[in-house]
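Chemist: What follows is each chain in one-letter form.
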Amino acid sequence: MYPRRARLLLSAALLALVVSACAAPDAPGGSTSGSRSWTQILQQAEGQTVDLWMYGGDPQGNAYVDDALAPAAAELGVTLRRVPVADTTDAITRILAERQAGEEDGTVDLVWVNGDNFATGKQADAWRCGWSSELPNMTFVAENDALVTRDFGTEVDGCEAPWHKAQFTLVYDSARVAEPPTTLSGVLQWAQDHPGRFTYPAPPDFTGSVFLRQALYSISGGVDAVPARFDQDAFDDLAPTLYETLADAAPSLWRQGRTYPRDSVALDRLYADGQVDMTMTYGPATLTKLVEDGTFPESTRVLPLDEGTIGNASFLAMPATAGDVEGAMAVANLALSPEQQAIKADPGTWGQFTVLDTDLLNPSDRERFEDLPTSHVVPPYDVLARNALPELGSAWVAELDDGWRRAVLGAGS
Amino acid sequence: MRLRPANHRAPSRLRRATVTAVLVLWLVIPLVPLVMWTGAARWSGTARAPQDLGLDAWHEALDAGALTALGRSMLLGAVVALIATPLGALAGRALGWRLLRRPIPPSLVLLGPVALAPFAVAMGLDVVILRLGIPGEVAVLLVLSVFALPYTTFTLRATYQSLDPALEEQARVLGATPAGARRRVTLPAATNGLVTAAGLAFLVGWSDYAVTLLIGGGQIITAPMLIGSAAAGSGNDALTATLAVLASVPPLAALAVYATVVARTTAKGNR
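Chains S and Y supply the protein sequences, listed in that same order.
Read in our numbering, the first sequence has 178 at position 178, and its numbers run on one by one without any break.
Read in our numbering, the second sequence has 104 at position 104, and its numbers run on one by one without any break.
Just so you know, nobody snuck in bad clues.
Simulated DEER-style distance windows between Cβ atoms: (1) 373(S) to 29(Y): 42 to 48 Å; (2) 255(Y) to 373(S): 47 to 53 Å; (3) 51(Y) to 383(S): 27 to 33 Å; (4) 383(S) to 48(Y): 36 to 42 Å.
Keep in mind that the hints were calculated from the coordinates and are not lab data.
Nothing here was measured: the structure is a model prediction, and the numbers come from that model.
All residues carry an ideal CB built from backbone N, CA and C; glycine is no exception.
Required output: the full structure, derived from the provided sequences and hints.
Modeler: In structure tokens, the structure reads:
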């Protein structure tokens, strides 16, 4: 597809933009709520139209925003407009251009974002900061929850409001894998014992990239062995063993490791077609629907790892150039409300794990979460997130991905 | 036109039918799974045919605002064609009739937008456009018209090359004003070229993703945006196929109109 073809070019140009954006005039950054009360902010939000730019490849997510969040926003007098993009970097590109042009009434008010895109924007001073910590519903988020205070190692600093949690999850077809492995090294061993039945998306795909970090943790001897902040010495120390292990496994992968699926969509398709027996995802919430509609086989199951898997949260960030600040704050706060979080957590709606600490809720709100239907494919979040591992800093991500391309890609037979 | 002897026509008609059949198959076969997907409620990868039939994808496409998006795309394509065709006619006339002393530099400038990647242009331009304060919708039309200009210009240059400038002179000799000669003699003779050029310009506006999104600031949600975002996710094959089929209806309709117009004008010319 045409936007994909442009992606390589985009990353290069994006870099150039980031560099030049740093030279742009100062953003109207910092908190804008100032001394205003929440009631005053809600009053000013009335009549505003909030443009939420989000990845549009998840129909359940689109339906949740259109059918649940937008009507609730309308009750506050705020029009919520969803702008579907094929990739979140499209939104970042637009924001950086607005930022560079000194725009103050920009067309992006909120972005569904995390990780590298957030870090890129933060480096370029492209986010409005200090606002999300003032949202009334933040009282239901645990203060010391590392998943929501740092985003892939980047301090959130009130530049984005948490939206939901995700957990890296391996998935297998129980009809084909009789004795599923229980550790990541077990998975790699299984791949060597069953030639051609396993592969992973080529980094820098989001999912392929987290598989790499998960493997790094496993091969280096656990989370404590890898410093969260990127460190060249640690990289030089740990990466060679990781790449060696993956290169050794390559000849037993799908197509003898000569090629890799370009993204998680491609890997999902291989899995759906029965060409491989495992797939992996950052959004296990979508599995229930994929099994229900026949995309994935009935026998699809989640593969828990003894050492735990990497978890993170995604957020709603507000650009420094946002034109409808109060409306955006009202929507972000609404999205954090126990009611909306519970609606979103329902597997029939979207099935995304809440960022709220249910212990902080009043009994009736807590009940909303306790009453949620369970899925026969995906275990509840507390089971999935057992031993959840933290994300590495985003500088690690790029270095690991680059190194993989040099050391592992092409190592197949 | 004089009729050719019947015995010469029979084999060539057979050959032509075969070629047409092969071409049609070549174009149609890849579309079969696409069309099948639009009616599939459940189709797991291993099955040859959908396990369950249903129109869920159509409902989903309508819920996603497919009709409004198609309407916007059509409007965008039409306005781009309206801007780029007359400009292309002016440029095509100047180039085709060699009215310029140095035709190479303007040709290169006009071809430029085809050589450049729209994404790169969109990314370079959006800052400038924002600084100038041009509204997103207007900017999208202007930029896409520039992208369409090479197609209209070079189609119409070929058209004008095949027309004799003397025709216009003869009309002038017979008493027509310069504008009248152009309107009543040259333009009708160039109809096919104009329609082709307009069709190409329409497609530029119709199929664009990058310019509409980045320069338009997400204010105009068009069909390519819906298709692009649906295609980016897992398990959306039915929805993506339905959107793609819906989106191919207007260009096919335009093609049908074009074929009819060309057939009619060709018939007229042969009479």
